[in-house]
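Each chain, letter by letter, is given below.
There are 2 protein chains.
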Amino acid sequence: MLPPLVPADLRRVRFDDGFWAPRIEVNRTATLPIEYEQCLKTGRIDAFRLGWKPGQPNPPHVFWDSDVAKWIEAAAYSLATHPDPVLEGRLDDVIALIASAQQPDGYLNCHFTVVEPDHRWTNLRDQHELYCAGHLIEAGVAHFRATGKRSLLDVVCRYADHIHSVFGRTKGKKRGYPGHEEIELALVKLHAATGNGRYLRLAKYFVDERGRKPHYFEIEAERRGEPPERRRRGTGLPYSYSQAHLPVRQQREVAGHAVRAMYLYAAMADLAAAYADRDLLAACRALWDHLTLKHMYLTAGIGSTASNEGFTSDYDLPNESAYAESCAAIGLVFWADRMLRLERDARYADVMETALYNGVLSGVSLDGARFFYVNPLESTGSHHREDWFGCACCPPNIARLLASIGTYAYSQEPEAVWVHLYAQGRASLNVGDVNVGITQKTHYPWDGRVRLALSPDRPARFTLALRIPGWCRGARLSINGRSVTPARLLRKGYAHLERLWTSGDIVTLDLPMPVERIEANPAVLQDCGRVALRRGPVVYCLEQADNGPHPGDFILPRAGKFKVRFRPDLLGGIAVITGKARRRQFAGWSGCLYRHKDARRESVPFIAIPYCVWDNRAAGEMAVWLLTE
Amino acid sequence: MLPPLVPADLRRVRFDDGFWAPRIEVNRTATLPIEYEQCLKTGRIDAFRLGWKPGQPNPPHVFWDSDVAKWIEAAAYSLATHPDPVLEGRLDDVIALIASAQQPDGYLNCHFTVVEPDHRWTNLRDQHELYCAGHLIEAGVAHFRATGKRSLLDVVCRYADHIHSVFGRTKGKKRGYPGHEEIELALVKLHAATGNGRYLRLAKYFVDERGRKPHYFEIEAERRGEPPERRRRGTGLPYSYSQAHLPVRQQREVAGHAVRAMYLYAAMADLAAAYADRDLLAACRALWDHLTLKHMYLTAGIGSTASNEGFTSDYDLPNESAYAESCAAIGLVFWADRMLRLERDARYADVMETALYNGVLSGVSLDGARFFYVNPLESTGSHHREDWFGCACCPPNIARLLASIGTYAYSQEPEAVWVHLYAQGRASLNVGDVNVGITQKTHYPWDGRVRLALSPDRPARFTLALRIPGWCRGARLSINGRSVTPARLLRKGYAHLERLWTSGDIVTLDLPMPVERIEANPAVLQDCGRVALRRGPVVYCLEQADNGPHPGDFILPRAGKFKVRFRPDLLGGIAVITGKARRRQFAGWSGCLYRHKDARRESVPFIAIPYCVWDNRAAGEMAVWLLTE
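Line by line, the protein sequences give chains F and D.
Anchor point for the first sequence: position 558 equals 558 in the working numbering, and the numbering is continuous, going up by one each time.
Add 629 to the 1-based position in the second sequence for the working numbering, that's all there is to it.
Read the hints as simulated data drawn from the structure, not as lab findings.
C-beta atoms are modelled at their ideal positions from N, C-alpha and C, and glycine is treated no differently.
Just to be clear, a hint being listed does not mean it is correct.
What the hints assert, rightly or not - Simulated pairs of lysine to aspartate or glutamate, EDC-like, Cα-Cα distance not exceeding 20 Å: (1) D/LYS1190 <-> F/GLU629; (2) F/LYS561 <-> D/ASP783; (3) D/LYS1226 <-> F/GLU516; (4) F/LYS174 <-> F/GLU218; (5) F/LYS294 <-> D/GLU949.
As the list claims (entries may be wrong) - Covered, in the sense of this in silico footprint (three residues per stretch, anywhere, with C-beta under 8 Å from a C-beta of chain F), are these stretches of chain D: (6) 808-814; (7) 897-910; (8) 989-999; (9) 1138-1149; (10) 1214-1225.
Claimed, not checked - Covered stretches of chain F, as calculated for chain D (at least 3 residues, CB under 8 Å): (11) 516-523; (12) 587-600.
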């Protein structure tokens, strides 16, 4: 196994495009302040003062710490690319408050310190203690990397040391692991930031121990004195809900809560890389195939039902009642990024890109102020973004992803630089001791032409690995004006351009981007007779705001022509797809639920907009999967 | 307001057709014994011995009594048309056991006598005390009417007297009403059987009190000492869940748990008739329109989601995740029957017939041994009938309906006899003091020709009111070989044939029964682009057993020709619909969830079977709503 590609340094990637740059700016100027205010006014920040007393209202909830931690992480990423003394000062204040809440033994959790002080580490299955710890650790690492400050990093190291003293296989320790995974990938990051192998081993322990017999969730339930019949399914959900039904190396099918699954699988990929663990990698590959071939929406949303916030049966992908939690699409980006860097295969980048442009980005409004927890692919008009949620995992998760998106666009290794995502901007990467600047000029994702200018600080021989997206057929490539044939250079979806690169070299990539009618496997009951429109990485939908009522009743002709037009005035500037559809006339339906006459159909124009910007106008119906002849 | 039509005396209606008669016989010989055995082996019958002690396993559940009661009611109906000394003796034994469980004050409920003796009548909202009482009362009335025995009737009268002493507006009584309606319609029956007006007034009290302020469910929650925040929504469900959000006369939109709603609305229709209460009737009409125009499946199944076992938003009729509980379709029959007899309007009979041939009958297998609780209109193959349920309301409900179906076929009043349902057999009805025999010869529902031979015991002038089904266009009618024009005689969907009738008069009715392609209102998102096949009252479906995988992907041509053939060998003898469809070729889909190429389509024959007989063979996919061009 090759060591994984190294992600780009976030501080050295800039977007100046019309797509991501405005989103990142709105994230910085609107979303981050809004989320801070929400954390403040709901008591999440003050909870770290540990002032709550029994009998008082609004006790700190078991997952509040994680919301603040994710906000810190997002703010730190933002500082990495956009210095801001005010934000940095606010971070310092919140971190000082968090540090003040740390107990003498290193323990750090608001809920269990003030609400249930006698119940630390007694219910890993249902509570979120290790999950919150994981997010604090990620925040500490992000803050350190962005600012060089160790204020939060030292706190979380002490906390991780405490956790290490509690959990493990040594006699006297608890052989537990979290019901909601997260700390595993965080400990891998903490190892990378500190070089302390203890953290990596603790991550490996948590992953390895998961799902073993005797089952820790039963052992701890017995210790809590729960009656035997409640022990196995206290929450009414099977252990697969938290991917604890089998040791992870035996898991071949995705199961349970989708966010938990993604965080676990991401950690499995991390550990597969760290330990060159082929069994873990094999499990990751099988899980990936199962997910992407049988359980993933076209938007890369995942999770088919609210009942377990996760996976159901193979090919069960209902559109209106889809769960597709924003956090799950984000978790899929985390996993895909790790698999991509480990396997150097564009199929992972394809899913990552699909998630970013569709299932992730739909989670936040264009003004950065309203959020989707759930991202269905069809709506009767009753689904709307909200200001905040009681369980507020999604808003700060979106914020930390948008603030760190640069890190997913490029990777580096000793003899190559890799371009995974196309977006106008520039990056600075390392190939051995050569510093390579890359400047992209493009209107991606609205146009598939990309011009890359390379500027190594001295002429150097290395490979420029350019992703040829899986959605693209007929890509054209040239170097300094001379055509090259991508097919000859293609390996696992990347064109490998190896040569002596000199500053001023220009690579142009032309990715034809026709509107495509996508069909789903006939086993997907809910998409039978329907097609979705996709152009490049962007999945489209019909909204009532553009098309009037019942876009789900629009029928696309089989040989319909589509027009694409960039509309700078609409929804922040988007390419719309227009064409002709037919739909049933509404006349004659009033006072009638069913009737035997075939309704007359009429020709109507339609306007499709990118799925990621739906529900930014008046409430209304929406459909991704459209009827076709 | 006219007094309602009087239903036919069950003892005087016989079926000897190929459709209902075998179902009634299977119900008698298979279902009733099976259900008795299930009640016995699950402890439901022995519960009446009141022998359970705290700490023992399997305590009597709050709704167990109702399962036994419904079985008694079903068995009594069966005795009414098919004397059976063994069954009658078994009934006597169970009734003696029930009588022995009655408390000195008349109270009769296994759970609250032995499990929670101090909690009688303390939680009407969530427990099922009055619901169980209602089913015992219905059983007592049915047993009395079928056998003339007062053994159970006297028991339930004493119990109803006790209930009357507990509930009402008099000072010192509880102003409560049931969370799960049922007792209201039962008390109306008890009044009819006994002539005791107290029972009718108690029914009216329960209906009138419902939903008033101050809200009784809050008052009793406070009495239980529940904290204020739990009082309003202790079950997490709003009061509309049990139709208690508004006084019933103000209710205009169906809401909440579908079975509860049907039982309430049926009682409202009863009371509208008993008190000539136009406000109640107006509420019933509005609720009926709302149900049938916005909330009813094509099968007359009702209830769109498992989450509240009931109604959601207007036009939300998902097929695969439909709830459409068997009991709800049965409750709809009860309500439709009452509205029909009150309003003399065939639109109620149309829905009743649709429910009987589709949404009700699908609830039991052809061998009478397996049941559906939930009746979806689409399945991936994971939905199957079961032997029994922990909450076993549906199996005995189906049994009591099948055993009493004769009563829904005909009605009578002083100057007319009414035929609502067509099925080969005979009935004996009263027109004033004239006894009128009617013999039907027909292969309905497989053929729409019906020959009715009348045999009044003396020549008499009266009206024969024949239903012209709403699904039928171009009905032809003749009396003694002479054509008459139905349109001239038609009033609210019934052809009113008024003449001097003599024994030997023959009426023939010819109801053309082409295969129809039914469309749903475009507001029904889930049926857009789809049609369903219906012939006469029978809704069809495609099953995997006949059509191979993914019938949900079959596309019916717009101008397709259908063939209908009676298949005596198949599923107990059914008319199948055959034709040609197109479907996507499966080739090329392995290892592929989405793709951009339009799949090739191939022509395939299809076989559609009546929805009511699906899942009587190997497990497989099923679809009612089929794609169309």
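Subject >> Which numbered hints fail >> reply: Of the numbered hints, 2, 6, 7 and 8 do not hold.
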